[in-house]
Amino acid sequence: MAEPLDALSNDARMVRHLIRGRVRSELQYRVSFSLFLFAQMVVTTMDVIAIVAVFSKVRSIGGWSREQVLFLYAVSTVGFALADVTVSSVELTAQWVRLGTFDRVMLRPAGTLAQMLGYEFELRRVGRSVTPLVVLIVTARFVHVAWTPARVGLVLAAIVSSALIFAALFVITSSLAFWIPSTQEVANAFTYGSNTAASYPTHVFDGWLRFWLLGPVPVALCAYAPLIRVLGAPNPLGLPMWLQLAGPLCFVPFIALARFVWRLGNRHYRSTGS
Amino acid sequence: MWTRLRPYAAAARSSFRRQSTYRGATVAGVFTNTVFGFILASVLRAVYGSRGSAVGNLDVTSAVTFTFVAQGLLSVMGAFGEREVAERVRTGDIATDLYRPVSFSAWWGSIMLGRASFSFLARGIPPFVVGALVFHLRLPDRPLTWLTFVVAVLLGALVASRYWLLVNLCAFWLLDVRGLINLAVVVEMTGSGFLVPLQFITGTLGHLLRVGPFATMAQQPIEVFLQLRSGPAAWMPQLVWLVALEAAVQVVLAGATRRVVVQGG
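Protein chains in written order, with numbering that gives the first Met the number 0: chain A, 0 to 273; chain B, 0 to 264.
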């Protein structure tokens, strides 16, 4: 039992070191850093612009008001942004595999995933969470909810759960690089696409998209399901009460799957041979 | 005349060929565009579902068609930002480009156009076809519309190439243009109709965007496709913006080349 725990604390210590180094080097170029931070902030406002534009023509979408949709967007996207800043550097695996530099990761006495997260960590990605955070705080006052500790807890669970499932998605899609190079755009459909889809009430989708969001990549269970309960919003799909409460737990199998696929990919890795 | 045009044709052709070698990336891009088309089309259908009437001159079928044409045009217009020229400024490779006995702006225009032509064929058509299999889409009923649409897309791509060139040339003054390019992407995505059809943006802002340069990249060609706008009338604003942006490129380029210092030269 002591061994995996030791490995974990070893990894944690190393990631901490790597991240500290990365942040220090990033902050050497302050203007560049703040420009990028600002740019990341601006890019995420696009989704808000789209939602607000659409709601200038209707009072509700699928029975959800503008404030409710914005709140859903914010919960899901804060989660996405958390995953983005902490885990999305794993997307560079494709490049490392192609160049053969992944050898370096394999040779060092620490977890490969932990190393990937540390080597390419970028603090400036934090910019992505600013817009959804502001929207979250502002709309929380306009959704007509009496904020009890239980409701706040469920919202936090939805955010953490979204973050973990998107983190798992980043790892799973990046692991594919061990088998097929240049899969970045397909990965985007899963990560960014799921984020966009999770920003709207799931019942506006039908067919395979709805199935997808509730089943294979259940991002809807992370945020949409608990928010039905919290916001008292219309529930045309009739998601049962237990699912609204337990939905945020759906990340658990995904973390396990991400771990499994990453390890499988590591085993499949062959160096470039040079 | 032909001998003078030959290098540009060669640049366009080889850029088309280069783009066509990224087969995996093309398939992946089509997949992503199609998925996003489905997501956005579903949202728009829900919007029309609770509204029950057209938004401006856009009914639900037109709006869904709009979405799928727009997804196909994203890569044609380089909607997520072109960075190559700025990268060449940073590394200094731009000196080679400026040496060439051709017009810098037309040279890069040809390269971007070659890429755009490949994107139009390989990434523009498939998402639309898949969308048409699932949703009810509106096809032009006049054969001539197809032709005017292609011309409008071509003009849009030319305006887009001027726009990205202009943004990239800022690298001569800024060390790091990534922030600026991201900003340029947001403005262009919002102003062009790629984000939402401009019919959804009300008031003065909507009005300004409809006559602005970005509408030439998506909104106007798509309105031609939907037969909301006849071809030649749609080309006029595109031509005006093309001339205006090309003039701006020339001015910026004149200032930029004075700043070039070639190492060891």
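A portion of the hints provided could be inaccurate.
[Stated by the list, open to error] Computed footprint of chain A on chain B; a stretch qualifies when at least three of its residues, placed anywhere within it, have a C-beta under 8 Å from a C-beta of chain A:
| hint | segment |
| --- | --- |
| 1 | 74-83 |
| 2 | 153-163 |
| 3 | 207-215 |
| 4 | 236-242 |
[To be verified] With the C-beta cut set under 8 Å, the calculated list includes, among others, these residues of chain A facing chain B:
| hint | residue |
| --- | --- |
| 5 | A188 |
| 6 | G192 |
| 7 | A196 |
| 8 | D205 |
| 9 | I254 |
[Unchecked claim] Some chain B residues well away from chain A (every beta-carbon gap over 10 Å; in silico):
| hint | residue |
| --- | --- |
| 10 | F37 |
| 11 | S41 |
| 12 | P142 |
| 13 | V150 |
| 14 | F199 |
Calculated from the structure, these hints are not laboratory results.
Cβ coordinates follow ideal geometry from the N, Cα and C atoms, glycine included.
Hints versus structure:
Coverage of the segment 74-83 of chain B by chain A is violated. Counting CB-CB distances below 8 Å, 0 residues qualify, and the rule asks for three or more. Requiring three or more residues with a Cβ within less than 8 Å of a Cβ of chain A, the coverage given for the segment 153-163 of chain B is violated, as only 0 such residues are present. Only residues whose beta carbon comes within less than 8 Å of a beta carbon in chain A count, and the segment 207-215 of chain B has 0; fewer than three means the coverage is violated. For the segment 236-242 of chain B, the assignment as covered by chain A is violated, since 0 residues bring a beta-carbon within under 8 Å of that chain's beta-carbons and 3 are needed.
For A:A188, the suggested interface contact is upheld, since its CB lies about 4 Å from the closest CB of chain B, less than 8 Å. The beta carbon of A:G192 is positioned within 8 Å of a beta carbon in chain B (closest approach about 5 Å), and the interface hint is therefore held. With a cut of 8 Å, the hint placing A:A196 at the interface with chain B holds, because the nearest CB-to-CB distance is about 5 Å. Nearest Cβ of chain B to the Cβ of A:D205: about 7 Å, under the 8 Å cut. The hint holds.
Checking A:I254 against chain B by beta carbon gives a least distance of about 24 Å; that is not within 8 Å, so the hint is violated. At roughly 6 Å from the closest C-beta of chain A, the C-beta of B:F37 falls inside 10 Å, breaking its exclusion from the interface. B:S41, annotated as away from the interface, has a beta carbon of chain A within 10 Å; the closest lies near 5 Å. Against chain A, the non-interface label of B:P142 holds: every CB pair exceeds 10 Å, the least being about 33 Å.
With a least beta-carbon separation of about 29 Å from chain A, B:V150 lies farther than 10 Å from that chain, consistent with its non-interface assignment. Once the 10 Å rule is applied to beta carbons, B:F199 is inconsistent with being away from chain A; the minimum gap is 5 Å.
Figure legend: structure checked against the earlier numbered hints; hints not met, in rising order: 1, 2, 3, 4, 9, 10, 11 and 14.
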